[in-house]
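Those sequence lines, one after another, are chains A and B.
Just so you know, we're using our numbering here: the first sequence kicks off at 6 and counts up by one.
Just so you know, we're using our numbering here: the second sequence kicks off at 228 and counts up by one.
In short, the hints are calculated from the structure, not lab data.
Fair warning: this is a prediction, and the values are worked out from it, not measured in the lab.
One thing to keep in mind: the hints can contain errors.
What the hints assert, rightly or not - Just the calculated beta-carbon pair ranges, DEER-fashion:
1. B/Ala323 / A/Arg85: 56 to 62 Å
2. B/Leu325 / A/Pro21: 31 to 37 Å
3. B/Leu325 / A/Gly24: 49 to 55 Å
4. A/Arg25 / B/Arg312: 53 to 59 Å
5. B/Glu291 / A/Glu82: 54 to 60 Å
6. A/Asp39 / B/Leu325: 52 to 58 Å
7. B/Gln281 / A/Asp39: 57 to 63 Å
Said to hold, decoys possible - Examples of chain A residues toward chain B, derived with CB under 7 Å:
8. Ala17
9. Leu52
10. Val56
11. Gly60
12. Arg61
13. Ala62
A virtual CB, placed ideally from N, CA and C, is assigned to each residue, including glycine.
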Amino acid sequence: MASAVLVEVFAAPGCPRCGRAKTALARVAEPFGDAVRWREVDVVAELDYAVSLGGRATPAIAIDGRLAFTGLPDEAELRRALAERLNPPSETKENRP
Amino acid sequence: MAAYRIGQVSRLTGLSVDTLRYYERIGLLPPVARGPGGVRLYGEHDLARLRFIQRAQRMNFTLEEIGQLLAMREDPQNARDDVRRLTARKLEAVEAALQELTHLRDELTLLLNLCRASEGGCPIIEGIEEESSTTQSGQSSRKNSTR
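Chain A extracted, bound-state conformation (with noise of 0.2 Å):
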C-alpha cells in the first residue's frame, strides 16, 4: 500500500469557483479514508509555493506536490488520479497475489 496522499487545492479570497473546487475534493476524498489528505492552499498567501508548482489560477489542483488539475476539477478524474496513486497500475499487476 503506497503512502497517504497529499492534495493540495489552491484558492484565493473571492474566487467564486474555489468553494466549489474544495466542495468537489472533500466529495472525492471522503471515501479514501486517511488515505487522501488534503489541505488549501491560500495562493495569496502561499504565493511562491503556488508559482513553484506551476499554479497560474485558480482553483488547482496538486497531487502530491505536482500540479494535476487547473480549473475546476473533474470529480472522476480526480477519483481516478488518486486511485492511481495509492494504487499504480505497475504495483498492481506486480503485487497482487
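Given the coordinates of chain A, work out where chain B should sit on it, guided by the hints.
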C-alpha cells in the same frame, strides 16, 4: 547598406549624441565611418553593438566589462582567457536575473488571473505586501493540513 547620422542613431537608441561620441572615443565603438564633410555614418553593425552595450548596461555591467565582452563578441574563438572567464561570470549573472524575472512574471500572471476571476476586490496589493513581509521575516507561511 543603411547609414545613419548621429542624430538618427540618438533617436533610435535613446543615447545622447555626446554619449555616442564618448563611446567611440573610449573604444566601445570602433571608429565610425565618415561621410561628406566628415559626418559620422553609423551602419547596422554599429547599431547592433550599441544595443548590446545598452543591454549590458541594464544588467549593471561596467563600461570596462562591456568593452571586454565586446571583444569576445567580435572574435569569440580567439578571446583571451580572462575575457572568457568574465563572459562566463556575466552569463551566470544573466541566468540568475532571468530566473528572477521568470519567477516575477509567473507571480504577476497568477495575481492578474486572480484579479480577473475575483468577485470583489483585487488581491494583487495584498499579495505583494505578503511577499514583502515573508521575504523580510524569512519565514515560510505555509499552513498546516486542514484535515
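Okay, the hints, checked on the actual structure:
no.: 1; hint: B/Ala323 / A/Arg85: 56 to 62 Å; result: 41 Å, violated
no.: 2; hint: B/Leu325 / A/Pro21: 31 to 37 Å; result: 35 Å, holds
no.: 3; hint: B/Leu325 / A/Gly24: 49 to 55 Å; result: 37 Å, violated
no.: 4; hint: A/Arg25 / B/Arg312: 53 to 59 Å; result: 56 Å, holds
no.: 5; hint: B/Glu291 / A/Glu82: 54 to 60 Å; result: 58 Å, holds
no.: 6; hint: A/Asp39 / B/Leu325: 52 to 58 Å; result: 43 Å, violated
no.: 7; hint: B/Gln281 / A/Asp39: 57 to 63 Å; result: 59 Å, holds
no.: 8; hint: Ala17; result: 5 Å, holds
no.: 9; hint: Leu52; result: 6 Å, holds
no.: 10; hint: Val56; result: 5 Å, holds
no.: 11; hint: Gly60; result: 6 Å, holds
no.: 12; hint: Arg61; result: 5 Å, holds
no.: 13; hint: Ala62; result: 4 Å, holds
In summary, the structure is inconsistent with hints 1, 3 and 6 from the numbered list given earlier, while agreeing with the others.
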